[in-house]
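Please arrange chain C on chain V, whose structure you already have, making use of the hints.
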Amino acid sequence: MQYNNTVAILGANSAIGQMLANQIGGNYPLLLMDGSTENLTLLKQHILTTHPSAQVELIACSKDASWEADTIIIAAEASADQASIASKINEVTTCKTVIQIRYASADSVSIQPLLPYSKFVSVEWANTAAIVEGNDEVSLSITGEIVHLCGLKPIFKKSLI
Amino acid sequence: MFEVFFSQVKDKVLLSEAEQKLVKTFFSPKKIRKKQYLLQEGNICRHLAFVEKGLLRSYNVDEKGVEHMIHFAWEGWWMADMLSFLSDEPSTYHIDAIEEAELLLISQTDFEKMLLKVPVMERYFRILFQNNIISKERRLISSITNSAEEKFLHLSATNPALIKRIPQQLVASYLGITPETLSRIKKKLAKGSSKT
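Line order of the protein sequences matches chains V and C. The first sequence lines up with residues 1 to 161 when you count with my numbering. The second sequence lines up with residues 1 to 196 when you count with my numbering.
The hints are simulated quantities; they were obtained by calculation from the structure and are not laboratory data. Misleading hints may appear alongside valid ones.
Lysine-lysine pairs mimicking DSS-like chemistry, simulated, CA-CA at most 30 Å apart [claimed, not checked]:
hint, chain 1, residue 1, chain 2, residue 2
1, V, K88, C, K24
2, V, K88, C, K186
3, V, K63, C, K164
4, V, K88, C, K136
5, V, K88, C, K151
6, C, K113, V, K88
7, V, K44, C, K34
Computed from a predicted model, the values in this text were never measured in an experiment.
If we strip away everything but chain V, and leave its shape as in the complex, we get (with noise of 0.2 Å):
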């Protein structure tokens, strides 16, 4: 079966968060989460007067919206609230992809091992590129269409080896 990829965007709220969204509204249907729903519901209306089609929803569980979505960002920028969506959604992301916006801060790690089952990539977000590493082709694909809607160019890190 093949339907429209839906985007779930975990910590939607952040820089990284707010400028997927903003970007990639017009291409995906968007499911975005976050703790604040006054922060999100200003986002929706953002993404709406660039993207007037675009199809938003605002879902306040992390593990709801990565039931319903295809293809999971977790955006969120502190390392724990990373750890702790991760636990949370496990179950409802098997063969889903999943992909991990890392941050340049010291106590950033991968939540891969949080998320055994699916189809995890990682993308180290910079000003002008974004490295990419995972496994699975056809999540690299999506995650490199992804980058490149927001203007970046996607890196694979595969391709640096």
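Coordinates of chain C only, in the frame set by chain V:
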């Protein structure tokens, strides 16, 4: 999340705890909303869907825009365009949700991997496919030889849950008759049963 699935599988084959754990890793849980598409005509069917909760339909649309129901699936049933799934040809079906649904999806690759790693699932699917062939043959024979009333009576006898749960215009389409004809048949049968 897998309750209906494993209860259905265990009705047909024996599955150990370890096999259950392994089987789970090949399925992707997916929620879809009412009226949301799972497959649209022209796309290749890449997954088999098991319905844990909710109700799906598959149908095609003719050049006049009329929908023709092919199949319904609710709790414990599978849904896919098997022709497209097995042959990689674009589907001629649409599949969408009549009621919000919780599904377990398995891709072509994961399906093959699962059958290799858990051989008892191969037996489960063989039984499933056998039953599917029987029901398709029966439906084909019924559609060729039976009158509208006979078709309805046959469906009432073999699948009463379908008539109860599915909106009547969709049942009519499934039987290949108009909603008016279905309504007439039901009235006639109700009259007949009230006389006896």
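Consistency of the hints with the structure:
1. V:K88 / C:K24: holds, 17 Å
2. V:K88 / C:K186: violated, 50 Å
3. V:K63 / C:K164: violated, 33 Å
4. V:K88 / C:K136: With Cα atoms ~42 Å apart, V:K88 and C:K136 exceed 30 Å; violated.
5. V:K88 / C:K151: Between V:K88 and C:K151 the Cα gap is close to 49 Å, so the pair fails against 30 Å, i.e. violated.
6. C:K113 / V:K88: Between C:K113 and V:K88 the Cα gap is close to 27 Å, so the pair holds against 30 Å.
7. V:K44 / C:K34: holds, 22 Å
Checked against the numbered hints given earlier, the structure breaks hints 2, 3, 4 and 5 and satisfies all the rest.
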